[in-house]
Amino acid sequence: MASKRRGLPEINAGSMADIAFLLLIFFLVTTTMDVDTGISRKLPPMPEADQPEDDSQINARNIYVVLINSNNQLLVEGELMDVSQLREGAKRFINNNGVRQDLSENPEKAIISLQNDRGTAYKTYIRVQNELAAAYNELRNESALTKHGERFIDLNKSQQKEIKKLFPQKISEAEPKNIGGDS
Amino acid sequence: MSKFKKNGSKGMPAISTASLPDIVFMLLFFFMVTTVMRETTLFVSVVTPKATEIKKMEKKSLVSYIYIGAPVKRMQTSYGTAARIQLNDAFAEVGEIQEFIATEREAKDEKEIPYMTTSIKADETVKMGIITDVKQELRKANALKINYSTRKGEY
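So the protein lines, in turn, are chains A and B.
Going by this note's numbering, the first residue of the first sequence is number 1, and it counts up by one from there.
Going by this note's numbering, the first residue of the second sequence is number 1001, and it counts up by one from there.
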């Protein structure tokens, strides 16, 4: 009787927020924003039928030949090399500036030629691509630090462009061939 | 003193939290609507390789995906365990890539075509042979911007 006199008691809606929060957190946690990351590359256009190959113009010392065989072994400039050393090797080659006779004249002329076998594991290929990209990124970073006293990513667009011009990332992939047997 | 006491004796009126659920629901709906669920069901198992020098992909709407990997367990009875290509919602052969790129292009604005990227999501165990074939097809289709999808991680 007493309650009737008071009227229907108001339902406490305070916990509704908690329930909604619970749902919200559930969605926040379960939905992976799935940020796509990866190594971007640009493929060369298909050669025209009437276009002759003109590789002969490039001085051999400016080409850093990286071959990967079907056993995932690396042959760099004619020598067997472990992937872990590739970054240092590539940096030495790019930033040679004409000191050593067998390495590049300057970073702008340096070209890395990458060739893989059909049997090469994708993992190894990406590792090699990654190491080569890392070599360029490290060189750009070092140059940015000495020139502007900042890391490459902290520079503004025009400064970045300037350094990119000094260290153009030239990774050339030869037309596919079968180097080390079929698999 | 007494003046203030009188005022305070009533106590602070409770702030109504009745609208709090509404605000939270609004947030909830926002998240529910904006999060895009994966549109394609993967028939191939893909564990992308690790890399450190990675970049984020911009403009997701301009990206077309090519999945390469071994078929998932339930598909292995009919498709075997050899690495295969998946485009959209079906297995595909290498020769179908050019057609796939053409349909992707048709759906986009003409101005956006040069910015279109093809993301190769390949399993780390696949051999380069199939990747090379895919790349050659992409070159023929003149889809030159590619991205090797990788995870962030040290070796």
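Note that these hints are calculated values from the structure, not bench results.
Positions of the beta carbon are idealized from the N, C-alpha and C atoms, including for glycine.
Keep in mind that the hints are not guaranteed to be accurate.
To be verified - Straight line, CA to CA, 16 Å or less: simulated EDC-like cross-link-like pairs of lysine to aspartate or glutamate:
#, chain 1, residue 1, chain 2, residue 2
1, B, 1152, B, 1053
2, B, 1050, A, 36
3, A, 123, B, 1106
4, A, 123, B, 1053
5, A, 123, B, 1124
6, A, 164, A, 150
7, B, 1055, A, 150
8, B, 1056, A, 36
To be verified - Stretches of chain B that chain A covers, calculated by requiring three or more beta carbons in the stretch to come under 8 Å of a beta carbon on chain A:
#, segment
9, 1051 to 1059
10, 1119 to 1129
As the list claims (entries may be wrong) - Ranges of calculated distance between the beta carbons of each label pair, as one might list FRET restraints:
#, chain 1, residue 1, chain 2, residue 2, range
11, B, 1111, A, 151, 32 to 40 Å
12, A, 60, B, 1142, 28 to 36 Å
13, A, 59, B, 1103, 41 to 49 Å
14, A, 65, B, 1055, 34 to 42 Å
15, A, 65, B, 1114, 25 to 33 Å
**Asked** Does 32 to 40 Å hold as the CB distance between residue 1111(B) and residue 151(A), or does it fail?
**Response** holds (34 Å)
*Please count how many residues of the segment 1051 to 1059 of chain B have a CB within 8 Å of a CB from chain A and say whether that reaches 3.*
holds (count 7)
(request) Note whether the CB distance of residue 60(A) and residue 1142(B) lies within 28 to 36 Å or breaks it. (result) Cβ of residue 60(A) to Cβ of residue 1142(B): about 31 Å, so the range 28 to 36 Å holds.
Practice item. Compare the distance between the alpha carbons of residue 1055(B) and residue 150(A) with 16 Å, and conclude whether the hinted pair is satisfied. Key: Distance of about 20 Å is beyond 16 Å: violated.
Between the beta carbons of residue 65(A) and residue 1114(B), is the distance compatible with 25 to 33 Å? Holds: the Cβ-Cβ distance is about 32 Å, inside 25 to 33 Å.
- Does the alpha-carbon distance linking residue 164(A) and residue 150(A) stay inside the 16 Å limit? Holds - the C-alpha atoms of residue 150(A) and residue 164(A) are around 15 Å apart, at most 16 Å.
Given the hinted pair residue 1152(B) and residue 1053(B), is their alpha-carbon gap at most 16 Å?
holds (8 Å)
- Query: Would you say the C-beta atoms of residue 59(A) and residue 1103(B) sit inside 41 to 49 Å of each other?
  - Reply: 44 Å Cβ-Cβ, so the 41 to 49 Å window holds.
Original post:
Keeping to a limit of 16 Å between CA atoms, is the pair of residue 1050(B) and residue 36(A) held or broken?
Top reply: Holds: residue 1050(B) and residue 36(A) sit about 13 Å apart, inside 16 Å.
* **16 Å Cα cutoff - pair residue 123(A), residue 1106(B)** => With Cα atoms ~33 Å apart, residue 123(A) and residue 1106(B) exceed 16 Å; violated.
Run the distance test for residue 123(A) versus residue 1124(B): straight-line Cα separation, threshold 16 Å.
Holds. Residue 123(A) to residue 1124(B) sits at ~5 Å (cutoff 16 Å).
Residues of the segment 1119 to 1129 of chain B with Cβ under 8 Å from chain A, three needed, outcome = holds (count 9)
Violated hints, in rising order: 3, 7, 14; the structure is consistent with all others.
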